[in-house]
Amino acid sequence: MNLKPVLILLGLALATIFALVCVLLTRERSPRSCQHLSPEQEETEDGQSLVFADLTAEEMSQVVRYLQGHLGVPLVEASRAKPSENCIAWLDVQVPAKAEVLRFLDSGGARPPREALAVLYFGKQAEPNITELVVGPLPRPVYHRDVTVHKYGGKVPYHRRPTLAVEYKQIGGFLKSQVFPSAPAFMQQVMEYDGANLATVTAAPRGFQSGDRVTWFVLFQNVSGFFLHPVGLEVLVDHSSLDISQWAVSKVFYNGQYYRDMVQLESAYVQGRISVEKVRKAPQDGDFSSMKPRAPAAAPFPLQFEPQGPRYRVRNNQVLFQGWSFAFGLSVSRGLRLFDIRHKGERVAYEISVQEALSVYGSNCPAGMSTRYMDGSFGLGRYTSPLVPGVDCPYLATFVDTLSLSDSLRPKKRKASLCIFEQNMGSPLRRHYSNLQSLYYGGLVNSALVLRSIATVGNYDYVWDFIFYQNGALEGKVQATGYPSSSFLYGDGLRYGNRLWEHTLGTIHTHFVNYKVDLGVGGVKNSLMAHDMEFEMAQAPWSPEQQIERPRLTKRVLDTEDQAAFLLHSKMPRYIYFAANSKNKWGHQRGYRIQITSSAGDHIPEASSMERAISWARYQLAVTRRKEEEPTSTSIYNQNDPWTPTVAFADFINNETITNQDLVAWITAGFLHIPHSEDIPNTVTVGNSVGFLLRPYNYYDLDPSIYSQDGVFFTSEQDFTACEINPLACLPKTASCLPNFPPFTFDGFRNM
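Residue numbering for the sequence shown follows this note's numbering, beginning at 9 and increasing consecutively.
Quick caveat, the hints were computed from the structure, so don't treat them as lab data.
Only true hints are included.
For lysine-lysine, the following BS3-like pairs were computed, each having C-alpha atoms within a straight-line distance of at most 30 angstroms:
no., residue 1, residue 2
1, LYS563, LYS635
2, LYS259, LYS286
3, LYS635, LYS533
4, LYS635, LYS579
5, LYS533, LYS352
Ranges between beta-carbon positions, derived for each pair:
no., residue 1, residue 2, range
6, LEU444, ALA730, 24 to 34 angstroms
7, LEU746, MET433, 17 to 27 angstroms
8, MET433, THR562, 29 to 39 angstroms
The model shown is predicted, which means the values in this text are computed figures rather than measured ones.
For each residue, glycine too, the CB sits at the ideal point set by N, CA and C.
Work out the full structure, taking the sequences as your base and the hints as a guide.
If you want it as structure tokens, here you go:
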């Protein structure tokens, strides 16, 4: 009998059965979106984390309706508001006071009322101002209270208001309709201006003293990657008046020369008195600045998947993973933030949040030399990008939609703007191969949970990560990418950067990021301890005539805020930790150590008139007593008036005692960026990553990851090919099915 056909049919049948099993096993492995639970589910799932939750679309709409009906003044939609009108700039959740929240979370107290924070621009008043109102209770508000004076010690002057998108649009219209037509020959013959082929980029801050609203705008060719295509023209616009018809040009710069206005530039050009540097017209794709790949697609890059589905859970705004739990949110101005972070059921931090991202530029062009971008003012949360599966995050990550209401009266959904995934870091968290005495191998894969958002603020893209490790460590990290900012190359430009293309100077600049870390180690009240080392000389006990240099442990309690404020490049104890009032099994105070990863450039000199607005960047670490009236290290209003800062972090440090107190660590990390040819077409994340680690320090009696189910251990005497001995031996069976990868989707270009 010929068995060949029978064997073929049997093989096909087995293959079909195997495929069906794979389909069943992988049916739940498609990219996941965060599933929001019903109110009934929330009760059963204990929705305590919702006390920190971002506003819902319905809550935002209700707040807008309430404000429209209860303020007694007309509110114009921010997307079309004139400076002389009233508008809602944006909304955010008003997180309740910490004491109220802890009573609710830990002591069975009442749930704090849910409230919103509304930032309003009142331009149509005798004394125009910015007002912050708390509106509640949600979802059906019936009251509001003005918290501006309580928060800032007085009214916030109108000139400090962050610039809305509509104001940039109005300035663009002013340039197009009034400024450029006053230099027709220059604009047509030198700029080849057709009404649409030039793009503008704003500098900031806007002037030299409080009350100024005078901004340099840099002109670029309007092509893909326009940040790298300066044309040599910059215009200083005075838009301080609330009457748009009163806006004026204060100065014009072209190719190293300054002019009173465009009329004077035109006259000099017509008379042949200026040096013209005509820039080659770039194609629409930007040519060298295009991010289109220069090579065809080939074999797919490696992909990651979970053989038996995700090992974490996302419940509304809460994530559970391997002993970790935390609530997450996205502040409009400050971006990604965490609350109620617990490991093994015990809270280790109440809040960990991004505070600010600062860039200080140098150049020999006016906009470049005066730029100090404080990106929180523009909105690190507002400009959170939609994420591309497979590049920005693993293809099968859980993607979370977020909502915002800014520059509008209606909430806007940002599809897939956060992602959550478990990441195999590609190296062991710990391991040992023993070939002395006993023969064995023990190890643990370093698999961690990542929460990510990416904010695109102008030219830069910031990849914000919070990473949770199985040994109880937590990492905050930011990676910078995007396009470098550039100036027009002329004269002594190479003192301020490198030449990146024919007329493109990649300008030197610093990056600083600031985090708030409200640790609570073993309780709310902690002390700050410093451990380090020093060498001591000692006689060798067995040979007294000989000396040994041996390192010894040094210990110090940092009692005051002044002692706990470490200037940027000063020597800092290598082990600084928040110490609990409890001890571990071995008699040591339980603690969490702060470890900073940074290669920061220099901070702006303290003698600068605007330094106090960014004085948080003086310090690599500052630990202060936590106060409700000191919720953030900076203010969104500092960008447009750094000379009289609304919040000056330096004032937080006033030598108060910090022993056995509720403490906050303010952490600054950064790097110096000197753009170079490899930043073309844009900057890579490799080497441009900074942040901090929070690591258990005698917090546990031993490494808690020893209880991880991912551990591997076998000896020379065991059958390490058996599943019951070595889980890695099971992978040919447990991970033999590929998941069902769904079609690629991306909603980032909708409703722009």
